[in-house]
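Novice: Chain A is already provided as a structure; the job is to place chains B, C and D on it using the hints.
4 protein chains.
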Amino acid sequence: MAITGRSDKAEGKIKYGMVGGGEGAFIGAVHRLAARMDDHYELVAGALSSSPEKATRSAKALGIAADRSYGDYEAMAAAEKARKDGIEAVAIVTPNHVHVPAARAFIKSGIHVICDKPLSTNLKDAIALEKLVKASGLVFCLTHNYTGYPMVRHARQMVADGDLGELRIVQVEYPQDWLTEPIEKTGQKQAAWRTDPKLSGGGAIGDIGTHAHNLAGFVSGLDLDSVLSDVDTFVKGRKVDDNVNVLLRYKGGAKGMLWASQVAVGNENNVKLRVYGTKGGLEWHQEHPNHLHWFPYGQPPQLLTRGSPAANAAAGRVTRVPPGHPEGYLEGFANIYTEAAAAIRAARSKKKPDKAVIFPTITDGVKGMAFIEAVLKSSAKGGKWVKLTA
Amino acid sequence: MAITGRSDKAEGKIKYGMVGGGEGAFIGAVHRLAARMDDHYELVAGALSSSPEKATRSAKALGIAADRSYGDYEAMAAAEKARKDGIEAVAIVTPNHVHVPAARAFIKSGIHVICDKPLSTNLKDAIALEKLVKASGLVFCLTHNYTGYPMVRHARQMVADGDLGELRIVQVEYPQDWLTEPIEKTGQKQAAWRTDPKLSGGGAIGDIGTHAHNLAGFVSGLDLDSVLSDVDTFVKGRKVDDNVNVLLRYKGGAKGMLWASQVAVGNENNVKLRVYGTKGGLEWHQEHPNHLHWFPYGQPPQLLTRGSPAANAAAGRVTRVPPGHPEGYLEGFANIYTEAAAAIRAARSKKKPDKAVIFPTITDGVKGMAFIEAVLKSSAKGGKWVKLTA
Amino acid sequence: MAITGRSDKAEGKIKYGMVGGGEGAFIGAVHRLAARMDDHYELVAGALSSSPEKATRSAKALGIAADRSYGDYEAMAAAEKARKDGIEAVAIVTPNHVHVPAARAFIKSGIHVICDKPLSTNLKDAIALEKLVKASGLVFCLTHNYTGYPMVRHARQMVADGDLGELRIVQVEYPQDWLTEPIEKTGQKQAAWRTDPKLSGGGAIGDIGTHAHNLAGFVSGLDLDSVLSDVDTFVKGRKVDDNVNVLLRYKGGAKGMLWASQVAVGNENNVKLRVYGTKGGLEWHQEHPNHLHWFPYGQPPQLLTRGSPAANAAAGRVTRVPPGHPEGYLEGFANIYTEAAAAIRAARSKKKPDKAVIFPTITDGVKGMAFIEAVLKSSAKGGKWVKLTA
Amino acid sequence: MAITGRSDKAEGKIKYGMVGGGEGAFIGAVHRLAARMDDHYELVAGALSSSPEKATRSAKALGIAADRSYGDYEAMAAAEKARKDGIEAVAIVTPNHVHVPAARAFIKSGIHVICDKPLSTNLKDAIALEKLVKASGLVFCLTHNYTGYPMVRHARQMVADGDLGELRIVQVEYPQDWLTEPIEKTGQKQAAWRTDPKLSGGGAIGDIGTHAHNLAGFVSGLDLDSVLSDVDTFVKGRKVDDNVNVLLRYKGGAKGMLWASQVAVGNENNVKLRVYGTKGGLEWHQEHPNHLHWFPYGQPPQLLTRGSPAANAAAGRVTRVPPGHPEGYLEGFANIYTEAAAAIRAARSKKKPDKAVIFPTITDGVKGMAFIEAVLKSSAKGGKWVKLTA
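Chains as they are written, first to last, in this note's numbering: chain A, 1 to 390; chain B, 1 to 390; chain C, 1 to 390; chain D, 1 to 390.
For reference, chain A alone in the conformation it holds in the complex (with noise of 0.2 Å):
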């Protein structure tokens, strides 16, 4: 009964930056709880705000010192760059339109990117940003939080042992109920941008849809071959998707479904997924993220624990805290940026993190992309078959 994997401050920490999360904002205090769980970094420049005012009170707030408080992510990054103290890493917490050029003028600037998700609004940038993180060695981290969590890791782990035998089915779904009613309209800031589709390239598919997707391929270990989906905008006058039903063809023969809603009354982050093969199946709940159902083919169903004796080395070493005392969400995002920070530190003798360390990478972000053209452009056709082009 010990935390495990965990050291306080095993090296110097690792200075960051945020590209929005100021005032009103919702994810980016969520980022900077995550970074400072495990006390891997330090907040010390801030472009918080598109208003002025907002960054300077926000800044304050935040303890930012007010020469590293920015107006605009450029000058952040010019004059990051330019300090002998800058910034190591950044964190992009706007919306999505903002992230691809944010990410590029960090990037080029030889700053570490921590990215929230969906990666863009569209898959051509994507790809273009992808080529240019690949060509600059740089961390990328797109955080796609619930591969943090440690029975998350786990049923990866179990797959990936060959556990389940062959996959066979993957059913994936995100319901959520706060868009029920067309609140965009009231002001509500994070449903204002979230159904604005220049802000957020997409609704429910690319808020949740890809969260979905990201995760049935962590813990499956396949990659889809196509998809055809059914996209719906229940709301008169939403401007984007708010429920999308997708059958799911897997490379290798699995198929599966996935549903993302955002109207489904009664759910507030209800992701559920469940994966079976020819030798067992696993069933896994964010909203009971400690449990993990396994069931072995004609052996009774068994509960497997975060932090128990059954839990794998691969959750173990995202686990803080002993069976029974529950983990959560924010602990889930901290173990991101926990495996971003050890890559980080490993770039700084220009070695490559050890294989136990995982995060979501430019390339899940440009896969959860294209998946995100393809649900599209199978429902505009009318609902056809489309293969992912990455």
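By construction, these hints were calculated from the structure, which means they are not laboratory data.
Hints are supplied without guarantee of correctness; some may be wrong.
What the hints assert, rightly or not - 30 Å max Cα-Cα, derived DSSO-like pairs, lysine-lysine: (1) Lys251/B <-> Lys377/A; (2) Lys251/A <-> Lys134/A; (3) Lys384/D <-> Lys239/C; (4) Lys134/A <-> Lys381/A; (5) Lys251/D <-> Lys239/C; (6) Lys13/C <-> Lys54/B; (7) Lys236/D <-> Lys384/C; (8) Lys124/B <-> Lys251/B.
Specialist: Quick look at chains B, C and D alone, frame taken from chain A:
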């Protein structure tokens, strides 16, 4: 806290016969128990097996007089029609390919029919039988037994009462795992006929997919417009489908997905239905049938329990015991028989049964066959939207 | 996937009568349905109500011949004894104070007895009846129906097989909420007699506490050594207890707690049993009776389901339908009747029933009354350990 | 959907030191993470281990300057008091027997104390410390961390608002299984000191029983009048209790039971609280802490979820992320630290903290010790009702 809605022997019992259901059969015993539960029926005749020895032995074990144990359904229909004390109803519990010819024989003999599902092995036969049944004025009850669960009735009534507002989404699934391996090759009788397309007319789609389709329609009150499917046979050498993914489009604009599988390891009879509208959502699991989860928009989820003050009249009239004392599969199945009994008794005096009496009819059977055909056609075409023709 | 352990009509049916269970009664209808489920019994006589009109009307509704509807149990016992086709068994489903005198009348007439619980309103009467029953050699079955659930049988067998090691802890509870308010003052019939100490002999302790006590003993195989209790009546003016907290000491050293309440808001029939030994633990909930949670020490928890390959023979022989199709309260109750039928049939040929046949007996009834007396005595003394005398 | 009630750096951080928590310790790392989560604290000093080498190594790993790593708490208290930039608060995370002497040293030095539970190894010491703390005017926070969970706060507010009516019943339990076998003999450090009565002052009763006692009192708002217990040591050779059954009598008439066990196989940290009143009931499970089950009398059960519109203000102010993204043990623990920070900051300006600020105090610690003493005394007397003296 009293048993409601049941009178043990309101009138004379309905004398019935059975086709199929002899030694080694499964569903026949369920039908007999369901018929017996509320004491409305008495089994007096049978063509229990195509093997004369089995038929005789089975009849004796069930207390059927020797002269009313028949070698086949045609002899039975003819002889029972000729008797003064002939059967008033017949239960057909054979493999699917016998449903239609047997039903035809009894309908032509003026005998009410209670028939297992699916109705037939093809749509054409189903439609022909529907015409015959309608012309006869006889009762035809198809045992889509999940519609007999009290909280399914409750859910249906809530939708009908508008509690969910306008429906948007239907998610229904029926995963099992008993055909994960090719047990039909081991001589397992249930597996053998259910995977023989001549006897069953299809695999998972017919055996359990039609249950899911029927349940979703029963609760939502919606008719399917069209389907788009991806049908698989994962077990090598199997002659029928064992995993079916379907996109659903309902008349009026609701969308949905249906999953039926017999190779999803860890699932027993894991029927789950979720329906979402503009004002609320409902969730029901067959394996915990006494509970209905109700999600009124913007308010806390409620747990509605069978027999409790919260249960509506539609649930109450098919409820036997107080809340917290679970009812199960057999009680739900018995409700179908008891509803059919009400219809048969009304028919004695040329009346229609009370409006509250509900059971699946020949028309539901035709819809089910139309569903099967559309699903198989869609997949055969490589994934096209196919309209339902019934 | 077949119904196991059931033959519909192995031999001639057992003709039985009923004392109590007329119009407005609750448990009588449950007994009739339980008797009917496996087709071993036929109801042919009754003393269904102390009101002659009700008795007559009820008998007619149940198809009992007019000359076998009796005004009281003594007349019934005498007349049925005298008939050549007299009843072979009687079901006593009256308020508690009638159990012993009615049972005595039928035992003296050579008629087997199936009796509702608790056995009596005091220990002395129970012991006297036990002597009479033992001397008679007749079958006496007490309907502690929870012992009829398949997974309760499974649990009992696991303990007996040593799977849990040496038992240390028993936690059992039976909370309800239906007496949260003084509904006995509103004329509610069930509440009225159950809260009248002359008719019931006690409140929660007798009505549900004895069920909890019996269930814990049945599964654990342990006998109580002594109890220490705190008995309350929370509802003003109520004449019997409605909440009982008890410390348990079992022979051999296991310890436990028992809670029975009829004022715990939100509980329907929330029976829960937990048993822990040196090698494992078990947990069972009556409201989800098809599941048994098994905790082998140092290994992941397992979910054992009725009808599955994991279910042992003790569960299998009282199982009707395959896993995932839930059985409930009535099936469990019916198992008691079917077990009693096996004993009655064995008695026809002066044999003992097969060892696998299990049902609660007069001795369990005496133990239950000893438990009630000890609990009430302990609390009356202000909280002392009181040894059980039976 | 925004993080509420958190400002990252409202004022200057609270510089704190730590006693205990060096290499191999468990709870120290939890305290540090809890302190860090909302960025109110900075660790700058420590007496982390009684072993000088461990203390030095641990301090270095945690970034504590060499001159502020002390050999013992007395040296630390003296030196920090003398520094201009000395610590404002100290976290005491040692085995129990050090709590009181260490706290005394810091209180005497004018330093606020955050101390792990239970407060001491005997009631007398606890009372003496309480006097000292009260006279000092300093903040003393005892980390009964379960009171930091948002839905526990919600439950407490509901009770205080009268939603449950008059309370009748409290059922609380804290089963674990990690001491099922005598692992203290294997050198497992946590097991070793926790089962050494000199270091811990007691077994399950102190380690987890006090958590259960505190939680029940926190939510119910009730004070214990008296207890009656049955205390056991099931593991041979163990020097402290490992299973405790307790009957509870609260002032005002509510009754209850408390169970704490470290040998209940299959339980991790399975804290469960149930409270029932005349108008409703509540149920909360620590292993699923974001859910609170609310049972309004006569109405369907409701599921109240953290972060949802149904969550009250008491829950909302300690909530970080939106509903459906689970918070866990560390967030709850951090809430205690953040509440203490508010009190410490108020103390800077000689003010009382806002009324909404809640954390367990020295008085809760004294009550906990009174509870332990009464429980052990009751059992030692063979089971007598023992009044609590604090």
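Novice: Taken at face value, is the distance from the CA of Lys251/B to the CA of Lys124/B at most 30 Å?
Specialist: Judged against 30 Å, a Cα distance of about 23 Å means the pair holds.
Novice: Would you mind confirming whether the straight-line C-alpha gap from Lys251/D to Lys239/C stays at or under 30 Å?
Specialist: Answer holds: Lys251/D to Lys239/C is near 23 Å, not above 30 Å.
Novice: Run the distance test for Lys384/D versus Lys239/C: straight-line Cα separation, threshold 30 Å.
Specialist: It holds: about 27 Å lies between the C-alpha atoms, which stays within 30 Å.
Novice: Given the hint that Lys251/A pairs with Lys134/A, test it: the Cα-Cα distance must not exceed 30 Å.
Specialist: Holds. Lys251/A to Lys134/A sits at ~25 Å (cutoff 30 Å).
Novice: Lys251/B and Lys377/A: Cα distance at most 30 Å?
Specialist: holds (24 Å)
Novice: Lys13/C and Lys54/B were given as a pair; does the straight-line alpha-carbon distance stay at or below 30 Å?
Specialist: holds (23 Å)
Novice: Decide if the proposed pair is consistent with the structure: Lys134/A and Lys381/A, CA atoms, cutoff 30 Å inclusive.
Specialist: Since the Cα atoms of Lys134/A and Lys381/A sit roughly 34 Å apart, the hinted pair is violated (cutoff 30 Å).
Novice: Assess, step by step, whether the Cα of Lys236/D is no farther than 30 Å from the Cα of Lys384/C, and give holds or violated.
Specialist: holds (27 Å)
Violation of the numbered hints given earlier is confined to hint 4; every other hint is satisfied by the structure.
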